[in-house]
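Q: Protein sequences appear in the order of chains Y and V.
Heads up: the first sequence begins at 1 in this note's numbering, then just goes up one per residue.
Heads up: the second sequence begins at 1 in this note's numbering, then just goes up one per residue.
It cannot be assumed that every hint is accurate.
For lysine to any residue, the following SDA-like pairs were computed, each having C-alpha atoms within a straight-line distance of at most 25 Å [said to hold, decoys possible]:
1) 54/V with 124/Y
2) 50/Y with 48/V
3) 173/Y with 44/Y
4) 230/V with 88/V
5) 173/Y with 88/V
6) 91/Y with 112/Y
7) 54/V with 91/Y
If you're looking for bench data, these hints aren't it; they were derived computationally from the structure.
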Amino acid sequence: MKKYLVLASQVFSKWVTYRFSVLFGILQSFITPAIMIVAISVATPISDIKTSDLYSYYLIISLVYSIIRSDVDTIVFEYADSGEINNFLVKPLSLYKYLFVQEFSKSFITGITILVPLALFQLVIGSFQINIVSIFMSMVAMFMGFVIYFSLSYFVGLWCFWIERFWAIQNIKLVTLQFLGGVVLPYTFFPEQFRFYLSFTPFPYMASWIREVIGGRYELFQYGMAFVWIVIILLILQVFEKIAISKYSATAG
Amino acid sequence: MKKTIKKYLKIFWMLQSARVSQELGFRFNFIFEFLGSYCFFLLHLISFRFLLSKYSFPGWSTGEAWVLLFTFEIYTYLAFFILYKGLTRTVIDIRTGGLDIILAKPVQSRLIAFFRSGGLHNLATGVLGVVYLVITLLQYKLSVSIFSIIIYIISLISSVWILHCMSVIVMSLNFYLEQITSDSSIVFESQEAMKYPSNIYSGIPILMRIFFYTFSCLVTLPTVLLLTKKISVQYIFGYIIFLVIVTIFSQVFWEHSLRRYSSASS
Numbered sequence: 001m002k003k004y005l006v007l008a009s010q011v012f013s014k015w016v017t018y019r020f021s022v023l024f025g026i027l028q029s030f031i032t033p034a035i036m037i038v039a040i041s042v043a044t045p046i047s048d049i050k051t052s053d054l055y056s057y058y059l060i061i062s063l064v065y066s067i068i069r070s071d072v073d074t075i076v077f078e079y080a081d082s083g084e085i086n087n088f089l090v091k092p093l094s095l096y097k098y099l100f101v102q103e104f105s106k107s108f109i110t111g112i113t114i115l116v117p118l119a120l121f122q123l124v125i126g127s128f129q130i131n132i133v134s135i136f137m138s139m140v141a142m143f144m145g146f147v148i149y150f151s152l153s154y155f156v157g158l159w160c161f162w163i164e165r166f167w168a169i170q171n172i173k174l175v176t177l178q179f180l181g182g183v184v185l186p187y188t189f190f191p192e193q194f195r196f197y198l199s200f201t202p203f204p205y206m207a208s209w210i211r212e213v214i215g216g217r218y219e220l221f222q223y224g225m226a227f228v229w230i231v232i233i234l235l236i237l238q239v240f241e242k243i244a245i246s247k248y249s250a251t252a253g
Numbered sequence: 001m002k003k004t005i006k007k008y009l010k011i012f013w014m015l016q017s018a019r020v021s022q023e024l025g026f027r028f029n030f031i032f033e034f035l036g037s038y039c040f041f042l043l044h045l046i047s048f049r050f051l052l053s054k055y056s057f058p059g060w061s062t063g064e065a066w067v068l069l070f071t072f073e074i075y076t077y078l079a080f081f082i083l084y085k086g087l088t089r090t091v092i093d094i095r096t097g098g099l100d101i102i103l104a105k106p107v108q109s110r111l112i113a114f115f116r117s118g119g120l121h122n123l124a125t126g127v128l129g130v131v132y133l134v135i136t137l138l139q140y141k142l143s144v145s146i147f148s149i150i151i152y153i154i155s156l157i158s159s160v161w162i163l164h165c166m167s168v169i170v171m172s173l174n175f176y177l178e179q180i181t182s183d184s185s186i187v188f189e190s191q192e193a194m195k196y197p198s199n200i201y202s203g204i205p206i207l208m209r210i211f212f213y214t215f216s217c218l219v220t221l222p223t224v225l226l227l228t229k230k231i232s233v234q235y236i237f238g239y240i241i242f243l244v245i246v247t248i249f250s251q252v253f254w255e256h257s258l259r260r261y262s263s264a265s266s
């Protein structure tokens, strides 16, 4: 446990040193939603959809997304490509845990940075019910969302042991998670039946659901589903990681 | 001047064809990469369909909106094909000292650094965009002429050049700031603004308008020219002035930034 705490502190100090990079990363996750907000605010609605509801949706979703998103698949690929993965084969370190701590520390710093605009939003708009329970529930949902996103990205990353043009799989991952996670379009744009089926998949629990929890709407069923998916993905990872690592041949010599 | 242009066109062609022949050597990889590119195309297609089921854009019929989307696709993948690899590689080269090799060559460093070709799969997806565009034009019975097609192609190339110039300006930050890993992709992410017609941004605050107008004009102008829709002289004039300004600025930025470059490999 201590070694992972040391790793977390190293990540903290690195990202505190490169503050501009953290801000740049957050800014980047706002570009697409900001453009979408502007586009729909000036377009003419031809259905019963309320454009004003979408403003807060995109604001919260981009904040949530910048916290939960993890490009661990890229890191796994880089480690495998450079041979750095050797370290995890000879040292008593779990690759999954190591990368989890690293990425979680990064997300934690992003979360702290984001608290400022979020507090300002609450002061100006004041649309959230702030109490201990809602804060706790939001934190839990955020953590679960991060675990699902991270684990799925890690799963995608492990494919680099088989596939040479790995970025193509990364693209498919990004598109699937962004679209089905509700980052590109709110779930209200999707047909009712499609939404129903989606609730049984891990996708809503990475962004759309967290936004609902922050908005004060939490159901035990959704926490249950998120938990079930975490267990399923972790079990798959246990097996898949072993198979993937067995395919590895050292390149770092 | 003519000789120089000819020389650089030849180098540009050689860079692109070398990369294409290299890629065609691994056909399975090409198919896989094409799928990776096509999934974004599909995302735009589905999300736009959902969006058009809830919203409409003033002054644009559904068919015209689809033409705009496919122009956006053609433009995006063309830009990816020509520019993206160079953009991402140059960022790495600046940090690792790889720029030394480029600077040592007896040609414009900017050409070698930025026009390295970004994969045949992007070009293939762009071609798919052309197919969709033609189908849309036929399906919605939108008329185009030979002349409008020629201006469309010229304006598309100009728009790719503008994007390149803007990327050079943003990317030059890497010579001044350390540890910015995502700056080069910011310009590409801002492309999202191009999916929508520029006239819809007219009612927003001035600073935001400049940003959205800048990006959306790059796709809206070729689309408007292809569909021979009404367009003001100021709009075309503004586009040309912007083209000239970014061309000059990008060169100034690049040359100035290069002076700050100190080799990391030595």
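Q: Any of the earlier hints contradicted here, and which numbers?
A: As far as the earlier hints go, 1, 3, 4, 6, 7 are violated by this structure, in ascending order.
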